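Enquirer: One letter stands for each residue in the lines below.
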Amino acid sequence: MSMRKVAVVGAGMTKFVRRAQETPKELSWQASRMALQSCELTMDDIEAVCLGTAPDAFDGVHMNGEYLSDGAGAWRKPYMRSYVGGGTGVFVPIQGWYHVASGLFDVVLVLAEEKMSSFYPHAQAAFLTIFDHTTERALKPNLLWIFALEMNRYMTTYGISKEDIARVSVLHKHNAAKHPCALLGDADITVEDVLNSETLAWPVQRLDVSPVSDGAVAIILAAEHIAKRITDKPVWIEGVGWSLDTAYWTNRDLVYPRYVEYAARQAYEMAGITEPRKQIHIAEPYDPFDYKALHHLEGLQLAERGKAVELYISGAAALDGDMPVCPSGGLLGVGNPIAAAGLMKIAELFWQLRGEAGDRQVAGAPRRGVAQAWGDLMQVGTVVIMGR
Amino acid sequence: MNQRVAIVGVGWAGFRPATPEVSYKELMYDAAVRAYTDAGVDPRRDVESFVTVAEDFHEGTSIFDEYTPDQLGGALKSVQTITGDGLHGLATAYMLIRTGQFDIVAVEGHSKASNILTLDEITAYAQDPVLNRPLRFNTHFVAGMEMNRYLYETGTTREQCAAVVVKNRFNALANPSAPYGADLTLQDVLSGPMLSAPLGLRETAEHADGAIVMVLASEQAAQQLVDLPIWIEGIGWCNDSPSLESRDWGQAIYTAQAARMAYSQAGINHPLQAIDFAEVDDIYAYKELQTLEALGFFRPGEAGELTAEGFTTPEGDLPVNVSGGSLGCGHLLDATGLARALEVVLQLRGEAGARQLADVEIGLVQSWRGVPTTNGAVAILSN
Amino acid sequence: MTVKIKEFPGTSLSEKDFDEGKILFNYDELKGEFAWDTGIAIGSYLAALKEGLILGAACYTCHKIVTPPRTVCEWCFDPMDEYIPLLDTGVVNTFSLCYVTWDVQRIEQPEIPAVIMLDGASSLDSGPIMGGIMHKLGEVKPEKVHIGMRVKAVWKPAEEREGSVTDILYFKPIEN
Numbered sequence: 001m002s003m004r005k006v007a008v009v010g011a012g013m014t015k016f017v018r019r020a021q022e023t024p025k026e027l028s029w030q031a032s033r034m035a036l037q038s039c040e041l042t043m044d045d046i047e048a049v050c051l052g053t054a055p056d057a058f059d060g061v062h063m064n065g066e067y068l069s070d071g072a073g074a075w076r077k078p079y080m081r082s083y084v085g086g087g088t089g090v091f092v093p094i095q096g097w098y099h100v101a102s103g104l105f106d107v108v109l110v111l112a113e114e115k116m117s118s119f120y121p122h123a124q125a126a127f128l129t130i131f132d133h134t135t136e137r138a139l140k141p142n143l144l145w146i147f148a149l150e151m152n153r154y155m156t157t158y159g160i161s162k163e164d165i166a167r168v169s170v171l172h173k174h175n176a177a178k179h180p181c182a183l184l185g186d187a188d189i190t191v192e193d194v195l196n197s198e199t200l201a202w203p204v205q206r207l208d209v210s211p212v213s214d215g216a217v218a219i220i221l222a223a224e225h226i227a228k229r230i231t232d233k234p235v236w237i238e239g240v241g242w243s244l245d246t247a248y249w250t251n252r253d254l255v256y257p258r259y260v261e262y263a264a265r266q267a268y269e270m271a272g273i274t275e276p277r278k279q280i281h282i283a284e285p286y287d288p289f290d291y292k293a294l295h296h297l298e299g300l301q302l303a304e305r306g307k308a309v310e311l312y313i314s315g316a317a318a319l320d321g322d323m324p325v326c327p328s329g330g331l332l333g334v335g336n337p338i339a340a341a342g343l344m345k346i347a348e349l350f351w352q353l354r355g356e357a358g359d360r361q362v363a364g365a366p367r368r369g370v371a372q373a374w375g376d377l378m379q380v381g382t383v384v385i386m387g388r
Numbered sequence: 001m002n003q004r005v006a007i008v009g010v011g012w013a014g015f016r017p018a019t020p021e022v023s024y025k026e027l028m029y030d031a032a033v034r035a036y037t038d039a040g041v042d043p044r045r046d047v048e049s050f051v052t053v054a055e056d057f058h059e060g061t062s063i064f065d066e067y068t069p070d071q072l073g074g075a076l077k078s079v080q081t082i083t084g085d086g087l088h089g090l091a092t093a094y095m096l097i098r099t100g101q102f103d104i105v106a107v108e109g110h111s112k113a114s115n116i117l118t119l120d121e122i123t124a125y126a127q128d129p130v131l132n133r134p135l136r137f138n139t140h141f142v143a144g145m146e147m148n149r150y151l152y153e154t155g156t157t158r159e160q161c162a163a164v165v166v167k168n169r170f171n172a173l174a175n176p177s178a179p180y181g182a183d184l185t186l187q188d189v190l191s192g193p194m195l196s197a198p199l200g201l202r203e204t205a206e207h208a209d210g211a212i213v214m215v216l217a218s219e220q221a222a223q224q225l226v227d228l229p230i231w232i233e234g235i236g237w238c239n240d241s242p243s244l245e246s247r248d249w250g251q252a253i254y255t256a257q258a259a260r261m262a263y264s265q266a267g268i269n270h271p272l273q274a275i276d277f278a279e280v281d282d283i284y285a286y287k288e289l290q291t292l293e294a295l296g297f298f299r300p301g302e303a304g305e306l307t308a309e310g311f312t313t314p315e316g317d318l319p320v321n322v323s324g325g326s327l328g329c330g331h332l333l334d335a336t337g338l339a340r341a342l343e344v345v346l347q348l349r350g351e352a353g354a355r356q357l358a359d360v361e362i363g364l365v366q367s368w369r370g371v372p373t374t375n376g377a378v379a380i381l382s383n
Numbered sequence: 001m002t003v004k005i006k007e008f009p010g011t012s013l014s015e016k017d018f019d020e021g022k023i024l025f026n027y028d029e030l031k032g033e034f035a036w037d038t039g040i041a042i043g044s045y046l047a048a049l050k051e052g053l054i055l056g057a058a059c060y061t062c063h064k065i066v067t068p069p070r071t072v073c074e075w076c077f078d079p080m081d082e083y084i085p086l087l088d089t090g091v092v093n094t095f096s097l098c099y100v101t102w103d104v105q106r107i108e109q110p111e112i113p114a115v116i117m118l119d120g121a122s123s124l125d126s127g128p129i130m131g132g133i134m135h136k137l138g139e140v141k142p143e144k145v146h147i148g149m150r151v152k153a154v155w156k157p158a159e160e161r162e163g164s165v166t167d168i169l170y171f172k173p174i175e176n
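Protein chains in written order, with the working numbering: chain U, 1 to 388; chain H, 1 to 383; chain X, 1 to 176.
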């Protein structure tokens, strides 16, 4: 059965900042307007809107999808909000994809917004309520716990040093120095800086972690016959995949993200990719923590288990390497307004594959890239393959 | 590509004011097992994708989608959550199957309303945090204002709204799953206390706990699985304005637009002629009347009179909420639209027992996300 | 983008903007209160904790024993209705030394969260699923904690237990 082809034809984003003056609706509107302008469309051309934002606790708004709807341009339009935790940013373009691929719509606006700074006194406290209300919350877990537990399991099992993991943070922050929207780009940061930063939850230190931020990103999706009229450089969504592992996360070995592998295999099969390491030219794995990029590169089958760090050691992951990783600067460098950060990766692939990424443009006119996000209780993988 | 999609299995559990003997996971599991058995599928082997509808603040858990896969058989599979009504979930499964990438998709919605101790305060958090919430109104005021404007614009009366309550709760007496069946008079309804005038407390649905799971399949898979697939002929959804300051208060424009989308897919030009019966939102009694007009069954102002005359009773020309609606079955939070859809499926299969309608072929389902939203969906099902 | 687009929207605020009263905001607190039904499986788990036992559930199709108990095996979708007590000893699968509390208060002595693979439940030696629970470690110097360390639960006195995961105070190291 032949599938309806879906293209990304426009993208826009706000700066990612620690604390934005704009309200969540205003951030949403700014990103949406910019995406529309980038491909010379207006809201009248948009047939449906998909929103990603998670969780409601940040905004302190119940039924947050409806609240954000006018900022998202979803006035008197078919409109849905999806979420899969931190994986939402790369899920919402999948939601947009099936809106178009189903044949119900030709042009869809996809928006991801997050304003984390509204939560008082610190957004991290909102994460207490992601834990099981009866079996875990009574222990007062910090969000950092689960990352630290996973990082420890990963580095101890494979014998990977903190020095090597810190290379991820350094490269991504270097790349982000070239991104005009980045919150934490730093062209001069070193491995020593990361290792000397404050210990939060050993083995996690301050500079291993991406910052909470405010921001929004929007893209426009179009069916093939429309896409070719809108732009001569459409970027196709070649494959999508998502997988949600069991909520009983203490029953799993955290050393390897099976959910990312399952999501990636689904996407690769749809895209006809049999040798990902050869057929994919740019990777934007989800990197809220530095070890996470490594973990996810392995789940994406772009590195052997325990070996992803070699991409960084050999230089393959650099902008001029043969497998550039997070040329955007990733969450570690650009910032981590949760859902928006994932969609930022899609926007980055769009710009990179069109050769419009400016100072960050990777070498060798790449043809295909993969973006991936992750979320929930170390549980969900969302994967999108884009190609020109 | 873009094939037909059918509902091939339904299962439900609960539909009671409280379900203290089971956790929300166990309630979902109960509904899921029934739906999978009904469809003759094994979730681990056959179901390729899962869609749940949920709101974090209704669950008391952030990123609630974390806790959805296990009891549905969805672990390490393609599971997603929509913060919408059950009909948004059905629409999502419908789109997934139409892409050609998925043959069998399950949809789940549930309510554990009895576990929420401060539901009114949670609902108040759906108001604009800066412009509206500081005024500290109970969010039912939005329904009171909307009803007032609707009565003003259409000449509908409070008595006609009360007739909806009498009808739906009476219908519920014939539905073993409905906890709020009652034989009331108009006076019984009207003599109750006011909630937010002109809206009375007895015109407002009580909450219930429950879970509903539906299994959807592509045309080919549906025909292999079951003898009587229920086809989704059309499905539409629409969001209007979140602003209390600038919305259209009298009319349900979101329902009119969602219906237009669904009708155009189903090829329906004259809904009253084409559609045999309907299950629509009645969280507040006036909504049933406003909705029937927005759906194009009647002109504005006609629904109240026709309801009072019995046009929408099970014996009438257009039976509406034969199940008892939310007034009779209870308001199931995000699962409300799935409860309405469940009745349409049962009626179209001829499995509605004592309340079975004769000779029905096409049924309509409509849902609304509740105050303070202007967001709803419409589906057309056939047998 | 960076090629075509020169200006990006978004206005950054600083703490100073708030301190100087340049930015107006309103403060509100959500009063969300819940009483979650624990049901069959978790209800049994909590009742057992009150008795000083950690309950697991067995799936004979998948040959697995896991905890906390559940009414359905998520891997084969068969019902799980046999609940059995596990031992309150086990092995540290992973741990962290956490210097910030859940609401981001800095602390001098770290909390030590850990995933503990319990004795009597499935272990990673036999497949990808194990009977692990998250809890805290105590009576141990942070620098002494290691993956693979054997630990045992330290319980609240019986009369103080209330049917909660906090009926276990923490796990402490034991000799092999």
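Worth flagging that the hints you see were computed from the coordinates, not collected in a lab. Every value quoted in this text rests on a predicted model; they were computed, and no experiment measured them. Fair warning: there could be bad hints in the mix.
Stated by the list, open to error - Here are the simulated EDC-like cross-link-like pairs (lysine to aspartate or glutamate), alpha carbons at most 16 Å apart as the crow flies: (1) X:LYS141 to X:ASP103; (2) X:LYS6 to U:ASP359; (3) U:LYS228 to U:ASP359; (4) U:LYS178 to X:ASP119; (5) X:LYS144 to X:GLU175; (6) X:LYS31 to H:ASP46; (7) U:LYS140 to X:GLU7; (8) U:LYS25 to H:ASP128; (9) X:LYS4 to U:ASP45.
Enquirer: Would you mind marking each hint as holding or not holding in the structure?
Expert: A quick look at each hint next to the structure:
no.: 1; hint: X:LYS141 to X:ASP103; verdict: 24 Å, violated
no.: 2; hint: X:LYS6 to U:ASP359; verdict: 13 Å, holds
no.: 3; hint: U:LYS228 to U:ASP359; verdict: 27 Å, violated
no.: 4; hint: U:LYS178 to X:ASP119; verdict: 52 Å, violated
no.: 5; hint: X:LYS144 to X:GLU175; verdict: 13 Å, holds
no.: 6; hint: X:LYS31 to H:ASP46; verdict: 42 Å, violated
no.: 7; hint: U:LYS140 to X:GLU7; verdict: 43 Å, violated
no.: 8; hint: U:LYS25 to H:ASP128; verdict: 11 Å, holds
no.: 9; hint: X:LYS4 to U:ASP45; verdict: 22 Å, violated
When held up to the earlier numbered hints, the structure conflicts with 1, 3, 4, 6, 7, 9 and fits the remainder.
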